[in-house]
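There are 2 protein chains.
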Amino acid sequence: MAREIIFGEIKGISEGQWFEGRKEMMLTSFHRNWAAGIDGNGREGAAAIVLSGGYEDDLDEGDEIIYTGAGGNDQNTGKQIEDQTWDNRGNAGLLKSMNEGLPVRVIRGFNHKSAFSPKSGYTYAGLYSVVDAWEEKGKSGYKICRFRLEYCGQNPQRKTPEEIELDYKTRDKKRKSGTVLRIIRDTKIAHEIKKLYNYECQVCGNTIITKSGRYAEGAHIRPLGKPHDGADNSDNLICLCPNHHVMFDKGTFSILDNLSLIGCESGSLKINPKHKLNKSNLEYHRKSHGYY
Amino acid sequence: MAREIIFGEIKGISEGQWFEGRKEMMLTSFHRNWAAGIDGNGREGAAAIVLSGGYEDDLDEGDEIIYTGAGGNDQNTGKQIEDQTWDNRGNAGLLKSMNEGLPVRVIRGFNHKSAFSPKSGYTYAGLYSVVDAWEEKGKSGYKICRFRLEYCGQNPQRKTPEEIELDYKTRDKKRKSGTVLRIIRDTKIAHEIKKLYNYECQVCGNTIITKSGRYAEGAHIRPLGKPHDGADNSDNLICLCPNHHVMFDKGTFSILDNLSLIGCESGSLKINPKHKLNKSNLEYHRKSHGYY
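As given, the protein sequences belong to chains Y and C, one line each in that order.
Under the working numbering, think of the first position of the first sequence as 1, with each following residue one higher.
Under the working numbering, think of the first position of the second sequence as 1, with each following residue one higher.
The set of hints was computed from the structure by calculation and includes no laboratory data.
A portion of the hints provided could be inaccurate.
Since the list gives no way to pick out one identical chain from another, each pair is judged satisfied if it fits inside one copy or across any two copies.
[Claimed, not checked] Okay, derived cross-link-like pairs now, DSS-like style, lysine-lysine, Cα gap no bigger than 30 Å in a straight line: (1) Lys23 x Lys79; (2) Lys287 x Lys139; (3) Lys96 x Lys226; (4) Lys139 x Lys211; (5) Lys96 x Lys79; (6) Lys226 x Lys211; (7) Lys188 x Lys270; (8) Lys137 x Lys113; (9) Lys226 x Lys113; (10) Lys287 x Lys96; (11) Lys137 x Lys287; (12) Lys113 x Lys159; (13) Lys276 x Lys226; (14) Lys226 x Lys159; (15) Lys287 x Lys79; (16) Lys226 x Lys287; (17) Lys270 x Lys211; (18) Lys79 x Lys226; (19) Lys159 x Lys188; (20) Lys274 x Lys188.
Taking the hints into account, I'd like the entire structure generated from these sequences.
Listed below in structure tokens is the structure:
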């Protein structure tokens, strides 16, 4: 019987750990499906991948990896003989993990060509987030599915997701004058709140549909950072579409204690009975934006 | 006759420059209105501010400044005697600069209390962006208008806007596991494109209204960063509302060479005759998201 899929760290296996061979890793749920490279599926998400040097275009900068999906190659020769597809089990799993913010365990094999790869055996590179997916024509002439992954584990010696994203956005570019309009961070708590609302905006009820699933943003009622010092707790978070997130942050509307909307929106905030908001956070938002 | 307002750097005056007194600076358009502290108005924006130590709660971390607006105080004693308002000329100017992404020259006076202030005279701290505005009750019991500013000049020795924003968002917080969903950067070219469209989304025609004006985002058609390597040029930028920006980046819809929309949107991209898109960028976006 197949083992259950497990997301995140596996007890007893830590970042950087070396394994002599594949069998050693299959004893746990660390990576259950070596043949496919990607452990997972479109329904549950992908929990682990192996970098085993298949694609020349793959990029491995340590904290940032560009990975080619599965499928389309001849089982015997490994040669690409047809297009890869997004409904391939593994590719669909990585899309699901991207959309849901599920962490992916990354394993580097000896046959993977990068400065980070082991000379023999396998090493566990840590937890990564899937942050982008697109398709292109591979060197074979067939379509390939590609993913960008960023390190998102807890190792303080490594870069934070923000630092990786920042390097990515400014790489090969000279310093430019400009403003950061918005940085939106998806914490575990924000993810739970969004899931509770099935990614529907608590103001307009709309959800953003993408090919990899539904999208919404977790909005802090009392902002993080000085001088506001709001908390990253569920009683300080609501689920909004990007448009209403901008409007809320800028005070276009606010929320009364009875959840009526005031300002440029009418009606009430849709609320799940399991979700309790802290009224002092609502009051803080109102006062900050001049609603008395 | 009043001198014209000038945004950005003033010829002959460089970051860090010291001035003995106010008069020295008034010879140019560097800061035209010393009495008010803020040089500007709600119609044009604010071009310069002076930090002169008025408010105890003000924060000066060098690259990040929290600044209290103008008005409400007694001309003779300086004491707060009534509420500040957002339609005060200077405060309205800072809101306008925030909304339009206009840079503000920051000047520190000898009477401003911070590690960065001069012992006598005035120093030019460089160009800053206004990134947030809110109101609160000051120690006097009257309402004050407050602003957060971030350094946005070209000095490579200082932090980039992303680094400042990153520090701000993670300050006083332990490392957390999480993903950066989106970083939106407002470059000069993005600002021009948004202005050309009056902040109306080129897909839905909607604009986000905020108390400080209209809001939209500049979306790159061919993404920046590896492996896409798109350019930060007007022929690679469109003006979108945040919702359509997410949908476009995730491939929910794409754009044909004749500007018809395909995927989950119908109709055509609204285009200004002055705005020419590079068709190879449109093609790149289509191919990346499986529209052939």
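Against the structure, the hints:
In this homomeric assembly, Lys23 and Lys79 come within 30 Å of each other (Cα to Cα) only inside a single copy, at 25 Å, whereas the closest approach across copies is 76 Å. For a Cα distance limit of 30 Å, the shortest separation of Lys287 from Lys139 across copies, 15 Å, qualifies, whereas the shortest one inside one copy, 58 Å, does not. For the homomeric pair Lys96 and Lys226, the shortest alpha-carbon distance between copies (23 Å) is at most 30 Å, but the shortest distance inside one copy (35 Å) is not. Within a single copy, Lys139 and Lys211 get their C-alpha atoms as close as 25 Å, which meets the 30 Å cut-off; across copies the closest is 52 Å, which misses it.
Only within a single protomer do Lys96 and Lys79 lie at most 30 Å apart by alpha-carbon distance; the minimum there is 27 Å, versus 58 Å between protomers. For the homomeric pair Lys226 and Lys211, the shortest alpha-carbon distance between copies (22 Å) is at most 30 Å, but the shortest distance inside one copy (37 Å) is not. Proximity of Lys188 to Lys270 under the C-alpha cut-off of 30 Å is restricted to the intra-copy arrangement: shortest distance 21 Å within a copy versus 38 Å between copies. Taking identical chains as interchangeable, the C-alpha atoms of Lys137 and Lys113 lie at most 30 Å apart only when both belong to the same chain, with a minimum of 21 Å there against 59 Å between chains.
Only between protomers do Lys226 and Lys113 lie at most 30 Å apart by alpha-carbon distance; the minimum there is 18 Å, versus 44 Å within a single protomer. Taking identical chains as interchangeable, the C-alpha atoms of Lys287 and Lys96 lie at most 30 Å apart only when they sit on different chains, with a minimum of 21 Å there against 39 Å within one chain. Taking the closest pair of Cα atoms, Lys137 and Lys287 come within 30 Å of each other only across two copies (9 Å); inside a single copy the shortest separation is 54 Å, beyond that limit. Only within a single protomer do Lys113 and Lys159 lie at most 30 Å apart by alpha-carbon distance; the minimum there is 22 Å, versus 34 Å between protomers.
Within a single copy, Lys276 and Lys226 get their C-alpha atoms as close as 24 Å, which meets the 30 Å cut-off; across copies the closest is 42 Å, which misses it. For the homomeric pair Lys226 and Lys159, the shortest alpha-carbon distances inside one copy (23 Å) and between copies (18 Å) are both at most 30 Å. In this assembly of identical chains, the alpha carbons of Lys287 and Lys79 lie at most 30 Å apart only when taken from different copies (23 Å versus 63 Å within one copy). In this assembly of identical chains, the alpha carbons of Lys226 and Lys287 lie at most 30 Å apart only when taken from the same copy (16 Å versus 43 Å across copies).
Both within a single protomer and between protomers do Lys270 and Lys211 lie at most 30 Å apart by alpha-carbon distance, with minima of 26 Å and 24 Å respectively. For a Cα distance limit of 30 Å, the shortest separation of Lys79 from Lys226 across copies, 25 Å, qualifies, whereas the shortest one inside one copy, 55 Å, does not. Within a single copy, Lys159 and Lys188 get their C-alpha atoms as close as 18 Å, and across copies as close as 29 Å, so both meet the 30 Å cut-off. Taking the shortest Cα distances, Lys274 and Lys188 sit within 30 Å of each other inside one copy (17 Å), while across copies they are farther apart (45 Å).
In summary, the structure agrees with every hint in the numbered list given earlier.
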